[in-house]
Amino acid sequence: MTATQTTDALDHLEALESEAIHIFREVAGEFDRPVILFSGGKDSTVLVHLARKAFWPAPVPFPLLHVDTGHNFDEVLRFRDDLVERLGARLVVARVQDWIDDGRLTERPDNTRNPLQTVPLLDTISEHRFDAVFGGGRRDEERARAKERIFSLRNAFGQWDPRRQRPELWNLYNGRHRAGEHVRVFPLSNWTELDIWNYIAREDIALPSIYYAHEREVFRRDGMWLSSGPWGGPRDGEDVVTRTVRYRTVGDGSCTGAVESDAATIEQVIAEVAASRLTERGATRADDRLSEAAMEDRKREGYF
Amino acid sequence: MTDLLRLATAGSVDDGKSTLVGRLLYDTKSVLADQLDAVHRASADRGLAGPDLSLLVDGLRSEREQGITIDVAYRYFATARRKFVLADTPGHVQYTRNTVTGASTAQLAILLVDARKGVVEQTRRHAAVLALLGVPRLVLAVNKIDLVGYDEQTFTVIAKEFTAHATALGYPERALLSVPLSALHGDNVVDRSANTPWWSGPTLLEHLETVPVKVDPHDAPFRFPVQYVIRPRTPEHPDYRGYAGQVAAGGVREGDEVTVWPGGQRTRVVGIDTPHGRLPEVRSGRSVTLLLADDLDITRGDLITAHTAPQLSDELSATLCWLAEKPLRPGARVLVKHGTRTVQAIVTELTARFDEQKLSTSDTPEQLGLNEIGRVRVRTAEPLPVDPYRLNRRTGSFLVIDAANGDTLAAGLVGAPLPVLDADDLVSPGP
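Going down the list, the sequences are from chains A and B.
Here the first sequence stands for residues 1 to 304, numbered as in my numbering.
Here the second sequence stands for residues 1 to 431, numbered as in my numbering.
Derived from the structure by calculation, the hints contain no laboratory data.
One or more of the hints may lead you astray.
Claimed, not checked - Some chain A residues near chain B, calculated using beta-carbon distances under 8 Å:
id	residue
1	Ser18
2	His22
3	Asp32
4	Arg33
5	Trp56
6	Arg139
7	Ala146
8	Ile150
9	Arg154
10	Leu169
11	Thr192
12	Val241
13	Glu272
14	Ala274
15	Ala275
16	Leu278
Values in this document were obtained by computation on a predicted structure and should not be read as measured data.
All C-beta atoms, glycine included, are put in the ideal place defined by N, C-alpha and C.
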C-alpha cells in the first residue's frame, strides 16, 4: 500500500463545501429536472457558487427559479440579473403579482407577501415538472428547520410531514419519489450564519450591496427598521429618519428589517455576526414572529 | 484549523435529553437573546416557574404539546476549543429509526439514563444500535443525580452495569465514560458541581472538548464512487471528460494506477481537478474530479479504487437494521443503494435475529420487525464492489429501499459489525 503521510485533512469550511458539492452531484445524477431557488440573498448566492464549483468546467446543469413577491430591493434585482448573465443560466421568474392579478391569490391586509409565495412556488414546480428543488435553508435558522432532512420529500401538494420523514443514513441520500411528488434539497443544512459569511470571505463571493452598511431612509415598526418601497411606507406616527444600516437577510421588502450597523466590509460583517446576541431571523423577519410555530406551519403548507 | 466533533444523543422518554441539550447550549452561551426570550415567554405561558430549556430544541408543535422529541434535531455550537454538530435524537421506541439517522455519522454518542431507573431496555437497545453503526465512543450521562441525593453508590452501580453491557458489545473500556449530572440544575454538564465532591472525572463538556476525534485512517485503500461524468463540450473544453465524486476513503496521487468496478478495468490517474486548479494528490473527504488516462466506459455508479481491491459479489452477507413498520420476510424484492449505484435485489434468507437485551442471536427467524437487527443474505441483480462495514463505513454501507413507494426500509451493513453477530455458525447455516 502506498500511503504517504501528508496532512490533507479538510478544515471546517472545506468539509462543508465538499458535503454541499457531493449533494449537488447526487441530485444531478439521480433527478431529471432539478431547479435552484434563487432570491438574490446571501444563502442562495452561496448555493449558486457551490453549484458552479460542483460541475466546473461545465456550466451548472439546472435553471434558477426566483419567486418574485414584487417587493424587491432594486440592488437585489440588479444583482440577480447580473449573476444570471454571467452564469449563462436560464432564469424562471414566478411573479406573485400575476397570481394576484388573475385572482388566484388575494393581497393580505398587512400587504406582506412572504406567505403568498407558497402557491406560485408550487404552481411553478408542477408546471415545469421540477422534481428536485434546491433551497438555501439552514438548520441553524429556526427550530422547525433544525428537524429537516437534507433530502426532504414533498407530496403532490408540496407539503412537508415531519412525522413521516425518511431516515437519512450516512451520506446515502434517497431521492426516490412518485409522479407528482418532488424533493426539496438543502445543501447548506449544516452551515451556520457565520460559516456562510466566512465562506463568502474566503471565496470572495459578490453580494448585493445592501448586505453592507449604507445610509438609508428608514422608519421604526415592531422594533425593526423598515424602508419605504412599492409595498408601502410609514404609517401615521412613524417618522422617517436616515440611519446607517445593513440587511442581515434579504426577503420581501415589506417584512424584512435592516439593522443599524457600521459594518461596511466583509471582515466587519463577520465580526458583527460573531458578536451578535440576536439570531438573523429574530432580528429581521416579522413573519417569523407571528407564532411559536410560524415556520413549521408555513413549511407544512409547502413553503421553502 | 477548527476541530469538529459530530455527536448524537440518545435515551429513553423523560430522561431529560432535550433539557441536557438545552443546558449545553445555554451554559456554552450558544443561545441568542431572542431565542431565550421566546423560551421564557413559552415557559410562562405554560405556567412554569423557570425557563424550560427543552423548548430550545423541541421545535415541532406536536413535540411541544406532548413534551417529547419525535425527530432528530441538529444543533450547532462552539467553544473556544472545538465546534460541535449535535444530532438530538428521540427516545421513544417507535422513533428508534430516527436515532439511527442521527448516529450514522456520529463520532461520539451521549446515552442518557435517569439515575432513579438506571440502565433500562431502551438504553441497551440504543447501545447496541450505536455499536452496530460503529459510533467510536460512548458517554453515559447519568442524569437527575439530584433526585437520588447525589448518591455515589447509585451512580457506581449504574456505571458498572453500563460498562459491562458496552464492553460485551465490543467497546474497549477506554472508549467509554459515565458522568453523574443534572441537566435541570446544571451539575457537571459544563460547570463542576459542588454536590458531587466524590466525582473526580471531567464534566460532560470537558470530555466533549478534549476527547480525541477519530479520523479516517490515512492508510485505508482508496475508494471513489463516481457521482457524475463532467463533459462540458464547450469551445474552451471540447474534449474534457472528468469523473466527479467525493473521496470515500484513502487517497490517490496523480500517476497512480486505479481500477474501475464493477468492470475491473485498469487505468491511471492523469489529473485531480478542482475549480482552484490541479492537486498533486487527494485524500478522504474532498470532492474532486478525476481525469483518467484511457477512454473507458465509466458512468455514475462505478467505483474507482486503488491498492487493496474491494470484494465484488452479487451475494451479500449483511446485517440489517430494519426501520419500516412492514416486517421483512425472506424473498422480499427490494432496491439496494450502495455508494452511487442502485440495483434490484432479493433478500434470500434471514439467518439470525439479534436480541439486543440478552446480546444473543436466534437462528433463522421468520421475519424482522420494526427496529430489529438481523443477519441476512441478499442477492443483487448486478455485482457490487463492497468492503466490510467494520473496515469502511462508506463502501460497507447500503440502503434498502421499497421499490414501490421509495421509502427507506433498512440500514444495511456489509458483514457482521458486532462480535456477537460474528459467530461461525452464522456464516453457513446448514440444512
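message: Output the indices of the hints that this structure fails to meet, ascending.
response: Failing hints, ascending: 3, 4, 8, 9, 12, 13, 14, 15.
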